[in-house]
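Participant: So the number in our numbering is just where the residue sits in the sequence shown, counting from 1, plus 183.
The hints are simulated quantities; they were obtained by calculation from the structure and are not laboratory data.
Some clues are possibly wrong.
Calculated pairs, BS3-like style, for lysine-lysine (alpha carbon to alpha carbon, straight line, at most 30 Å) [to be verified]:
1) 254 <-> 215
2) 299 <-> 197
3) 197 <-> 215
4) 254 <-> 197
5) 197 <-> 269
6) 269 <-> 315
7) 215 <-> 269
8) 254 <-> 269
9) 299 <-> 315
10) 295 <-> 215
11) 299 <-> 269
12) 299 <-> 254
13) 254 <-> 295
14) 299 <-> 215
15) 197 <-> 315
Simulated restraints, written as ranges between beta carbons of each label pair [to be verified]:
16) 259 <-> 197: 14 to 24 Å
17) 329 <-> 218: 34 to 44 Å
18) 315 <-> 289: 20 to 30 Å
Glycine residues also receive a C-beta, built at the ideal position from the N, C-alpha and C atoms.
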Amino acid sequence: MGKKRRTLYRSFHKILCVGEGDFSFALSLARKFGTATNIVATSRDSREENYENASRNFSELESLGCTLVHKVNVHTIMNHPLLINKEFDRIVFNYPHAGFIGRREFEYRQIKRHRKLVSGFLRNAAYMVAEKGQIHITHREDYPYSEWRIVELAEWEELILVREVLFNPLHYPGYVNKKGDGPRCDHTFPIGESYTFIFGMAST
Numbered sequence: 184m185g186k187k188r189r190t191l192y193r194s195f196h197k198i199l200c201v202g203e204g205d206f207s208f209a210l211s212l213a214r215k216f217g218t219a220t221n222i223v224a225t226s227r228d229s230r231e232e233n234y235e236n237a238s239r240n241f242s243e244l245e246s247l248g249c250t251l252v253h254k255v256n257v258h259t260i261m262n263h264p265l266l267i268n269k270e271f272d273r274i275v276f277n278y279p280h281a282g283f284i285g286r287r288e289f290e291y292r293q294i295k296r297h298r299k300l301v302s303g304f305l306r307n308a309a310y311m312v313a314e315k316g317q318i319h320i321t322h323r324e325d326y327p328y329s330e331w332r333i334v335e336l337a338e339w340e341e342l343i344l345v346r347e348v349l350f351n352p353l354h355y356p357g358y359v360n361k362k363g364d365g366p367r368c369d370h371t372f373p374i375g376e377s378y379t380f381i382f383g384m385a386s387t
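When you get a sec, could you build the whole thing from the sequences and use the hints?
Facilitator: What follows is the structure, encoded as structure tokens:
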């Protein structure tokens, strides 16, 4: 039987999903592939925290062979004991967000926090991506999210923008985005017109 295709992702790719919320994105891929042995999915939260449907998603992912890793800091992910020295063909971070601290999204200090988060992720991902692999960040491109300057942050890590792809959630049945912070962490948020920024190593 040939390899099953899922838009940007294939079942033979080693995939690392970062900041997974309720793990529904990883599960969407796993259901399409019919296996999750090629997927490692991480979250910053403990297994018990935050998300109503997460425990069901955990069980299904584990039954499909997924490796779940909790309480992962994206700033130090390359040194995590379960991930150190591992390489991935696709490293995916959907809707990164540094959390709410009483500031609005358009305030400079809040934008600076988001940029720091994305920069830390990219710095680590650049060490973990395979030679011809890709790093994917999905986010809105309208203001104030445009002020994050994701492409510029990637260039600082010697990554190049391969292309941008309009994100279509219908391609990922069952995926539910989450706020991920505060008392409404389990709520969704409007994704508007979002894009997946696809980065590769500048030397490849």
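Participant: The structure should be examined with respect to each hint, and the outcome stated for every one.
Facilitator: Outcome of the hint check:
1. 254 <-> 215: Roughly 26 Å separates the two Cα atoms, so the pair holds.
2. 299 <-> 197: holds (26 Å)
3. 197 <-> 215: holds (15 Å)
4. 254 <-> 197: Holds. Residue 254 to residue 197 sits at ~21 Å (cutoff 30 Å).
5. 197 <-> 269: holds (10 Å)
6. 269 <-> 315: Holds: residue 269 and residue 315 sit about 14 Å apart, inside 30 Å.
7. 215 <-> 269: holds (24 Å)
8. 254 <-> 269: Within the cut-off at roughly 18 Å; holds.
9. 299 <-> 315: holds (26 Å)
10. 295 <-> 215: violated (37 Å)
11. 299 <-> 269: Between residue 299 and residue 269 the Cα gap is close to 24 Å, so the pair holds against 30 Å.
12. 299 <-> 254: holds (19 Å)
13. 254 <-> 295: Cα-Cα ~23 Å, so holds.
14. 299 <-> 215: Violated, at about 33 Å.
15. 197 <-> 315: holds (12 Å)
16. 259 <-> 197: 14 to 24 Å: holds (20 Å)
17. 329 <-> 218: 34 to 44 Å: holds (37 Å)
18. 315 <-> 289: 20 to 30 Å: 38 Å Cβ-Cβ, so the 20 to 30 Å window is violated.
Violated hints for the displayed structure, listed by number in ascending order: 10, 14, 18.
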